[in-house]
Every structure is written in structure tokens, then in C-alpha cells.
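K.L.:
The primary structure of each chain is shown beneath.
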Amino acid sequence: MAEQAITGWRKWMIGIGEQCVFFGRFFRNIFAGGFEWSEFVRQCYEIGYRSLMLVGITSFIMGFVLILQLRPSLVSLGAASMLPKTLAVSFVREMGPVITAIICAGKIASSIGAELGSMKVTEQIDAMEVSGANPIQYLVVTRIIAASLMVPLLSIIGDVIGLTGGFLALNINDSISFTLYFQKCIGSLDFSDFLPAVIKTIFFGFAIGFVGCYKGYNSNKGTESVGIAANSAVVTASLWIFVIDAIAVQITSFLFYK
Amino acid sequence: MAATKENIEPKKKTPAAKDEVVIHAKGIKKAFGDKEVLKNITFDLKRGENMVVLGKSGQGKSVTIQCVVGMLKPDDGDLQVFGEDVTQMNDEDLKQLRIKIGFLFQSGALYDSMTVRENLEFPLTRVLKLSDQAEIDKKVEEVLDNVGLLDAIDKMPSDLSGGMRKRVGLARTLIVKPEIMLYDEPTTGLDPVTSREISELILHMQKKYKTSSIIITHDLECARITADRIVVMNDGEYIAEGSWKELQKSDNELVKSFFNETT
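Protein chains in written order, with this note's numbering: chain A, 1 to 258; chain B, 1001 to 1263.
Watch out, some of these pointers could steer you wrong.
[Said to hold, decoys possible] When the alpha-carbon atoms are kept at most 16 Å apart in a straight line, the in silico EDC-like pairs for lysine to aspartate or glutamate are as follows:
1. A/184 to A/174
2. B/1177 to B/1142
3. B/1073 to B/1084
4. B/1056 to B/1237
5. B/1095 to A/174
6. B/1095 to A/126
7. B/1100 to A/36
8. B/1129 to A/36
9. B/1129 to B/1145
10. B/1208 to B/1221
11. B/1026 to B/1093
12. B/1035 to B/1091
13. B/1073 to A/174
14. B/1026 to B/1200
15. B/1029 to B/1075
16. B/1073 to B/1036
17. B/1073 to A/36
18. B/1256 to B/1241
Hints in this document: simulated from the structure, not taken from any laboratory.
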């Protein structure tokens, strides 16, 4: 039993060490010169544009549902007019970034993990390496940077769509104009709501790209490994999103809401 | 395009160049955990020579060439390529060395998100850092013509047969004009006719591009067509060495068991 625990602990430590080495290789290659612009643009399209519909639908439904859930409580407190503000603050600070990141973890991390895992199994990554090309620069740097830029962008778009969903839900029972609704939403937000949320989505995007690439790039050889890499990428990236969120909220509270 | 040893004119070399050793391996050992895969591998590969490593599956044949190209590091022994110790090289030195060595994987290892053209352009733009599109196009078309697949230039790897994938893989490797070619089971998974075509293509390309080659195989027909010299590997060691004709007369039981299949 103790021996198993020690073996498990050792494996975990080795995993952490390997991730540090992988991060070092990624970081070195950002500045190595010869950035793969065409692959980067392709990845931005794959990660950003191809996830837009999913993020949009999910955000819309979340905004819609949140208003329906919040309304009875706020109406009973006589604060129905606070609905746009409540939704805007909760959505922009927390719901939008986390929902977008979780959706992206499921869609992007798994797809990167499976793609690179499959390339590993079919020796494509080995082929790149022995040809003298740089697979980290071509495959890893482009994907991680694209994810780090696209997830914040998707999150901002998701916020707008989520608030639109909230507007429709509000108009089921009440009547409010689109302009007034968005004036109330935007008026209730300030710099300290928006900026920390955007910054944390950059870290969410980085975690999604990094975990997907690490799991895929280091998968074992065998078809089963592709599934394991994809699955493990989603689980680990999702976990990282909540850990980063918890840390980000603590830092934001310390800096802005003392 | 098909060629055999008999109908291809051997290249003319100076005696000095002919005897130059491009790969020198002495006492190479490699283990994975408790399993000793390479026990004591010693060989020299001369410039322009085709050396076939013959043996059953799982005997460590592929591990040998993976050590040569620096994908694996031997646990012990002396391994020199072009006089440089591979085991002591840093990443940059290895990269420079790998430009001079072509490695054809068992599966062809084509990049499946790219067309054949993009597969061939990849080493030109990333390794040789070429930027002139006209020059790139010329090289791509030339090498595809050499392997007889010019009309597949815009196809995706998924649209190609096993033999075509091997040809494109070979073209992608040869496009940077390597001095040494390492073939990992080049005919595995192919029907006998296509296997023979690939073996003949390997020989043809060796003459055309003047490469030295190590061919890992358990296909006797491939060995017969391509080999200047054959080494037989068993249980992590080389147990016999010689030409096809010499090994046919060998007294070694394992070598006999190999060659009796064809005699």
C-alpha cells in the first residue's frame, strides 16, 4: 500500500517535472525566430471561428436562464430593476469567462490532444523531428498562442451574446427596450469588472492550449493512447480552469474590492 | 523508372571516397528498463554502401537506426556519424546532423493535414529555409517525378495507397538530398509486387542521389535487391555478416532458417 503511494507520488512528481521541461521548450521556441504565421492563423480559425457557434449558443442559454432564475428572488425583494445589472456583473466577471473556457476545454483541448496524439502514434512528430524541422515551433507554439488569444475573444463575444439572451428572457415577463437594457448593463460595469475577467481568460486559453499540446505530444504509441490523451486533456484543462479562476478571483478581490 | 542492381550503372568513386566510413558504431548497448534490446552492436557503414539489417521483429533493428539519428541515446558504446560523436551532440548539432540523414518511417509518416505538395514543401521551407516559390515548385515536381507520382501532387495522404505513401515519404526524405538514408521496414504491409517496386525504387534512388543506406527489414526479397552487404541480427546482436551469396552458404542455423525460405 505504502509502496503504491510512493510510486504514485513519484509518477506525479515526474509528470510535473516533464511539464516544466515542456513549458521551457515552448517558451524557448517562442523567441527562437521563424514564427509559423500561416499555421498560427489556421489555428486561430480552428480554435476561434469553429468554436464560436458553440460558445454563442451556450452563452445565450446561460444568460436567458440566469434572468429567469434571478427574477423571482429580485422581484420578491422589490429589486426587479436590478436584473440587468446583476446579470451583467455576474456574467462578465464570472459566468462568461468560465463557461467559455469550459466549453473550449471540451472542444479545443480534446481536439489538440487527439490531433497531436494521433500524429505521435503515426510517427509524424518523429518524422518532423528527424528531418531537422522543429515540431515544437510548428505544432505547439502556434496552438498555445492561438488558444491564449482566441479564448479571451470568444469570452467577450460570449458575454455580449449572454446579455442578449438575458434581454430576451427579461422581455418574457417585463418590457424593456434593447437600448435601455444595454445602457443599464454597461453602466453597471467598470474597468475592475472587465479587465480582470479578460486577463484570466488569457490564462484559461493558455492552460487549454498547453494541456492539450502536452498530453498529445507526450502520448504513448498505440491507438488507445489517442483517446487517453484527448480525455486526459479535457479533464486536466477543466481542473486547471477552476484552479486559475480561484486564484484570479483572490488576486482581483485583493486589488480591486478591498 | 524501375531498376535492379544489374541494370543500373554503379557510380564511379575515388578509392578514398569509397572507403570513407560515414557511420561507425562500436559496442552499442541500449536497454529499456530490464530489457536489453541492443547488447553489442558494432558496424561501419561506408560511403555509397547499402547495408541491410535483417532479423525477426522485436530484435532491436529499428532501435539501432533510432540511435544513429539521435532519437534514442545508447547506454554505452561509441557511435560516430561523419566522425562526430552522436551521443555528445546538443540539440543544434543534432539538427544539423539530421539534415544530412534521411529517415523513412515504416508507415511513411506523411503529415495527414497537408497535401502531398505541402508535405514535400515542408522540409524545404522549414529545414533548408528556401523562400523562392519557383525553386520550391521545381524541386517538388522533380522529386515527385523521380518516384513516379507527379500526378498525385495535390492529393491528400488519405487518398493514397500504402505503396504511394511510401513513395511520397521517400520523396519527402530525398528532397533535401541527404547523404545517408535510413529505411525502417520499407516494404512492411505491402503486397509482393509493390514491395518489389519499392525495393527497386530504393536502389534506383540510392544510385541517383548517391546516398549511403541502412535498410532495416525482414523481407528477404527487399534485402536481395537492395543489399551490398547484409548483417543478420538476433537478440540484440549481429550474428552474421556478408553478401547475399555468402550468407546463403552460412553454417549458422538462424541464418540458414532465414535463407532456406527462399532457396
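K.L.:
Give a verdict on every hint.
P.N.:
Status of the hints after comparison with the structure:
A hinted pair counts as satisfied when its Cα atoms are at most 16 Å apart, and residue 184 of chain A with residue 174 of chain A qualifies at roughly 15 Å. For a cut-off of 16 Å, the pair hint linking residue 1177 of chain B to residue 1142 of chain B stands: about 12 Å separates their Cα positions. Only pairs whose Cα atoms come within 16 Å are accepted, and residue 1073 of chain B paired with residue 1084 of chain B is accepted, the gap being roughly 14 Å. With a C-alpha separation of about 12 Å, the suggested pairing of residue 1056 of chain B with residue 1237 of chain B holds against the 16 Å cut-off.
Taken as a hint, the residue 1095 of chain B and residue 174 of chain A pair is broken in the structure, with Cα atoms around 68 Å apart against an allowance of 16 Å. Between residue 1095 of chain B and residue 126 of chain A the CA atoms are separated by roughly 13 Å; this keeps the pair inside 16 Å, and the hint holds. Straight-line distance between C-alpha atoms of residue 1100 of chain B and residue 36 of chain A comes to about 23 Å, which puts the hinted pair past the 16 Å bound. Proposed proximity of residue 1129 of chain B and residue 36 of chain A is supported: the alpha carbons are some 12 Å apart, at most 16 Å.
Using a Cα cut-off of 16 Å, the hinted pair residue 1129 of chain B and residue 1145 of chain B is violated, with the two alpha carbons roughly 22 Å apart. For the given pair, residue 1208 of chain B sits about 21 Å from residue 1221 of chain B by alpha-carbon distance, which is inconsistent with the 16 Å threshold. With a C-alpha separation of about 21 Å, the suggested pairing of residue 1026 of chain B with residue 1093 of chain B is violated against the 16 Å cut-off. A distance of roughly 27 Å separates the Cα atoms of residue 1035 of chain B and residue 1091 of chain B; the hinted pair therefore is violated under the 16 Å criterion.
Taking the CA atoms of residue 1073 of chain B and residue 174 of chain A, the gap is about 72 Å. The hint is violated against a cut of 16 Å. Restraint check for residue 1026 of chain B and residue 1200 of chain B: the C-alpha separation of about 30 Å exceeds 16 Å, so the hint is violated. Straight-line distance between C-alpha atoms of residue 1029 of chain B and residue 1075 of chain B comes to about 5 Å, which keeps the hinted pair within the 16 Å bound. Among the hinted pairs, residue 1073 of chain B with residue 1036 of chain B is consistent with the structure: their alpha-carbon atoms are about 14 Å apart, no more than 16 Å.
For the proposed pair residue 1073 of chain B and residue 36 of chain A, the alpha carbon gap of about 29 Å is over 16 Å, so the pair is violated. With a C-alpha separation of about 13 Å, the suggested pair residue 1256 of chain B and residue 1241 of chain B falls inside the 16 Å cut-off, and the hint holds.
In this structure, the hints that do not hold are numbers 5, 7, 9, 10, 11, 12, 13, 14 and 17, in rising order.
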